[in-house]
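*Asks:* Chains as they are written, first to last, in full-length UniProt numbering: chain L, 1 to 255; chain P, 1 to 255; chain C, 1 to 255; chain G, 1 to 255.
The set of hints was computed from the structure by calculation and includes no laboratory data.
Over the 10 Å line for every Cβ pair with chain C, so calculated as not near, a few chain G residues:
| hint | residue |
| --- | --- |
| 1 | K10 |
| 2 | S21 |
| 3 | V25 |
| 4 | Q28 |
| 5 | E34 |
| 6 | Y64 |
| 7 | T65 |
| 8 | E115 |
| 9 | I119 |
| 10 | A144 |
| 11 | G145 |
| 12 | E174 |
| 13 | V177 |
| 14 | G198 |
Simulated pairs of lysine-lysine, PhoX-like, Cα-Cα distance not exceeding 25 Å:
| hint | chain 1 | residue 1 | chain 2 | residue 2 |
| --- | --- | --- | --- | --- |
| 15 | C | K104 | G | K239 |
| 16 | P | K212 | P | K19 |
| 17 | P | K104 | L | K240 |
| 18 | L | K216 | L | K27 |
| 19 | G | K10 | C | K212 |
| 20 | P | K27 | P | K216 |
| 21 | P | K216 | L | K239 |
Taking CB as the label site, the calculated pair distances span:
| hint | chain 1 | residue 1 | chain 2 | residue 2 | range |
| --- | --- | --- | --- | --- | --- |
| 22 | C | E77 | L | E24 | 57 to 65 Å |
| 23 | G | A88 | P | E143 | 33 to 41 Å |
| 24 | G | K212 | C | S11 | 22 to 30 Å |
Idealized CB from N, CA, C, for every residue including glycine.
Number of protein chains: 4
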Amino acid sequence: MLKIGKYEFKSRLFLGTGKFSSLEVQKQAVKASETEVLTFAIRRLDIYNPDQPNFLEMLDLERYTLLPNTAGATTVEEAVRIARLARASNLCDMIKVEVIADTKTLLPDPIATLEATRILVEEGFTVLPYTSDDPVLARKLAEAGAHAIMPGGSPIGSGQGLLNPSYLRLIIEESPVPVIIDAGIGSPADVVQAMELGADGVLLNTAVSGAKDPVKMAEAMKWAVIAGRLGYEAGRIPKKPYASASSPQEGMLTS
Amino acid sequence: MLKIGKYEFKSRLFLGTGKFSSLEVQKQAVKASETEVLTFAIRRLDIYNPDQPNFLEMLDLERYTLLPNTAGATTVEEAVRIARLARASNLCDMIKVEVIADTKTLLPDPIATLEATRILVEEGFTVLPYTSDDPVLARKLAEAGAHAIMPGGSPIGSGQGLLNPSYLRLIIEESPVPVIIDAGIGSPADVVQAMELGADGVLLNTAVSGAKDPVKMAEAMKWAVIAGRLGYEAGRIPKKPYASASSPQEGMLTS
Amino acid sequence: MLKIGKYEFKSRLFLGTGKFSSLEVQKQAVKASETEVLTFAIRRLDIYNPDQPNFLEMLDLERYTLLPNTAGATTVEEAVRIARLARASNLCDMIKVEVIADTKTLLPDPIATLEATRILVEEGFTVLPYTSDDPVLARKLAEAGAHAIMPGGSPIGSGQGLLNPSYLRLIIEESPVPVIIDAGIGSPADVVQAMELGADGVLLNTAVSGAKDPVKMAEAMKWAVIAGRLGYEAGRIPKKPYASASSPQEGMLTS
Amino acid sequence: MLKIGKYEFKSRLFLGTGKFSSLEVQKQAVKASETEVLTFAIRRLDIYNPDQPNFLEMLDLERYTLLPNTAGATTVEEAVRIARLARASNLCDMIKVEVIADTKTLLPDPIATLEATRILVEEGFTVLPYTSDDPVLARKLAEAGAHAIMPGGSPIGSGQGLLNPSYLRLIIEESPVPVIIDAGIGSPADVVQAMELGADGVLLNTAVSGAKDPVKMAEAMKWAVIAGRLGYEAGRIPKKPYASASSPQEGMLTS
Chain L
1 MLKIGKYEFK
11 SRLFLGTGKF
21 SSLEVQKQAV
31 KASETEVLTF
41 AIRRLDIYNP
51 DQPNFLEMLD
61 LERYTLLPNT
71 AGATTVEEAV
81 RIARLARASN
91 LCDMIKVEVI
101 ADTKTLLPDP
111 IATLEATRIL
121 VEEGFTVLPY
131 TSDDPVLARK
141 LAEAGAHAIM
151 PGGSPIGSGQ
161 GLLNPSYLRL
171 IIEESPVPVI
181 IDAGIGSPAD
191 VVQAMELGAD
201 GVLLNTAVSG
211 AKDPVKMAEA
221 MKWAVIAGRL
231 GYEAGRIPKK
241 PYASASSPQE
251 GMLTS
Chain P
1 MLKIGKYEFK
11 SRLFLGTGKF
21 SSLEVQKQAV
31 KASETEVLTF
41 AIRRLDIYNP
51 DQPNFLEMLD
61 LERYTLLPNT
71 AGATTVEEAV
81 RIARLARASN
91 LCDMIKVEVI
101 ADTKTLLPDP
111 IATLEATRIL
121 VEEGFTVLPY
131 TSDDPVLARK
141 LAEAGAHAIM
151 PGGSPIGSGQ
161 GLLNPSYLRL
171 IIEESPVPVI
181 IDAGIGSPAD
191 VVQAMELGAD
201 GVLLNTAVSG
211 AKDPVKMAEA
221 MKWAVIAGRL
231 GYEAGRIPKK
241 PYASASSPQE
251 GMLTS
Chain C
1 MLKIGKYEFK
11 SRLFLGTGKF
21 SSLEVQKQAV
31 KASETEVLTF
41 AIRRLDIYNP
51 DQPNFLEMLD
61 LERYTLLPNT
71 AGATTVEEAV
81 RIARLARASN
91 LCDMIKVEVI
101 ADTKTLLPDP
111 IATLEATRIL
121 VEEGFTVLPY
131 TSDDPVLARK
141 LAEAGAHAIM
151 PGGSPIGSGQ
161 GLLNPSYLRL
171 IIEESPVPVI
181 IDAGIGSPAD
191 VVQAMELGAD
201 GVLLNTAVSG
211 AKDPVKMAEA
221 MKWAVIAGRL
231 GYEAGRIPKK
241 PYASASSPQE
251 GMLTS
Chain G
1 MLKIGKYEFK
11 SRLFLGTGKF
21 SSLEVQKQAV
31 KASETEVLTF
41 AIRRLDIYNP
51 DQPNFLEMLD
61 LERYTLLPNT
71 AGATTVEEAV
81 RIARLARASN
91 LCDMIKVEVI
101 ADTKTLLPDP
111 IATLEATRIL
121 VEEGFTVLPY
131 TSDDPVLARK
141 LAEAGAHAIM
151 PGGSPIGSGQ
161 GLLNPSYLRL
171 IIEESPVPVI
181 IDAGIGSPAD
191 VVQAMELGAD
201 GVLLNTAVSG
211 AKDPVKMAEA
221 MKWAVIAGRL
231 GYEAGRIPKK
241 PYASASSPQE
251 GMLTS
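Pulled out of the complex, with its shape left as it was, chain L reads as follows (with noise of 0.2 Å):
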């Protein structure tokens, strides 16, 4: 069971609802994934506009979290901003922090993160930033009261998958909180690799929404989610440099 703030889950996936070629196949890879928690950027819900197709329409919004993002946000003010617009919405008090420092590599930027974190804690939010794969800065995000680290595992959309594992241990390690791998994740490998370091989540979205078969797609990844989960929990054997075998090589064969 997975615990953020006042929030339980039993799925360990989140997933982005932006990007899909179609509402109708974004519903069916969000039913296959069978993920509890939706992301979804404020900026591309016009809750203002009752008469435009929405998204939310097409799901059963008793059966699932909304985890709104800041997407959009260049400032502190801005990601501030948006974060109190989506509390006004009443969809959901969760929100995901995310500052970004320019459109190219759409990497957080870790001042302003954390800055708006601290404010929208203070502010009664539950607050999961998104941020680098920094060990420090992601302390200072949980010291600073986040519910949630959400460290990238490579730059947004990029599917290049977890670049520096070695960093995102460290920060799963040390960190009090749930830390959920957000970005650049790319296929169920990278989700098992995220999972088998002790990751308590992931967040998807392109992975799936870009994928030749989403819907496929998005059950692969929950398949993922647990394959990695049970094998982090179940205890993987160590790595040696040569041989061990596995059928005697020596026996009882004597003809």
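Add chains P, C and G to chain L, keeping to what the hints say.
*Replies:* This is chains P, C and G only, laid out in the frame that chain L set:
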């Protein structure tokens, strides 16, 4: 559906039966893995001693296809003799050819493996040779009539995973028969990587039997095979050097 | 020619002076490396005790530019105070800003490093901050006026090499000031990798002082920096998935 | 000093002579590399046509040992015939055995390479077989009397570097004769990695001839070989998971 010679399997996970702490743990792990193929060393099976406790008695043999191996053989002659002995027991006509070059690395002898494969194909066996990750040797084995190719990821029992995914991919792309990655797998992440390369299956032993919780690891491996296969079929996103927004960075927020 | 602020260097190898087994070995290693820049911790230099043997006395100070660092500082204030103390000694106006977040990882504190850099630039120092491999922070340091950026390859003294070459490359591509890879380098291969990424230089310490033969390793590192730089300038071949004959496979042999 | 059969070399860099843009560039690159051994395909050498411009005429043959190769051979018979032709030219009794399995990968045929090696050793050649990174095959080649083993890092001309350093290390540790890493090297970093593994030398061609500036790359490779060898001899530091201060973190600063 995985087809090897005249056999068909729903599960793409082959499980070795050596090295479990007890026959009871092995039985539970076999069950949790939902494997349909069990490998074992003919040398280990005391088929002439009815009084000894026997791992086969613990299993419902109707449910499993047995894949005896020639572990312990260091020459063509030994491998062929062990294979004939296996067939004489009427357990199965499949044989995993394993001719080991030395006890330090347990790496396969390429020349003897090819020769033993030729002879056993000639004698009507369904032959699955354990081989290195050399694409040329894999091709020669297929030309010699092998019904599947079993390249090792790394030395048996080492848990080092796939040392050369590039050559394994080459083998998979070219092989006219199924490719089962055998040896060296250490964790579910290795399994998913193998399956995403396009492998038709994996054979595990130490990774399960040597885990702290072998039964839980067996279940992890079951899901890893499925996640990797689905991911392969679903078609992953390409890797890009930088970023690609999953949430739109500009939008309708106008407050 | 490497230019940092008002300084120019022919050698792209900076060498740390800590942890050698003796001042004599250090002297020989410094000579073999042909470095022009020596770093040292102000804390380690007992500049008030004329009776103590001092590593500076062993060196021909006309030949080297000294780069004092603020090792030991854990706050902005400590770093600034140590830097001022260094300048008061009239040894050099260059300062390597090092504000460490914890003693387990010795990773740099991103917030304090940026703030100390701002202050010391303001005070007219030539400032080289030791930082993480976060491209966003590196950009902020350059904007703050740093004269060079010193991202770590991996934790100080760990010998793990470059954990995230992808982000280091990004830093190098974007930086308006020289980039010196600092920390974590373990062997000449790491040095060549850094230089081939386009780094302007490397800073080494433990990799030399901790080698079995520090003087020979210092020479190895000298050639590694040159090999990597020449390789970068010469423009390497692209990687291709398969093969490309260097010897013609068809030809004039007609016997 | 590198000893192969009756030959001794100061340089550990072997250079191929194929694929340069001109004989003049080749000549300068050969000089910059300070190699002592030049490889070339017998097929390419029109030794019966005195009118054709010939790369050998461009070189001071007193300074170089020539290592003809059997490139183009796809069978034992072809390789042996080409080798005999090479010896008949009185250029050298060394022969690089190269029996290629297919033109897509140019990977060596393990069976034919071993057989050709046996025959040519018998006939008194100094034999250097180009082989895969299979440690078992390397051992068999040494047992067959090969005077050096030349495992490929990756497919010829691919620039992928060392795909399986683990097996190359195994080959090096076990080999009673020198090991020259041949094929696939793309940059100086690959060379240093090979030499730090303990290789006795490297053979390059495309990495130099295909570089944007082949002469500068030749010089880079010269230093890379030296850096890697010195680094191997000097004994690198072990890798540690976290940090180890090179500057003392506590000290005498008392102001």
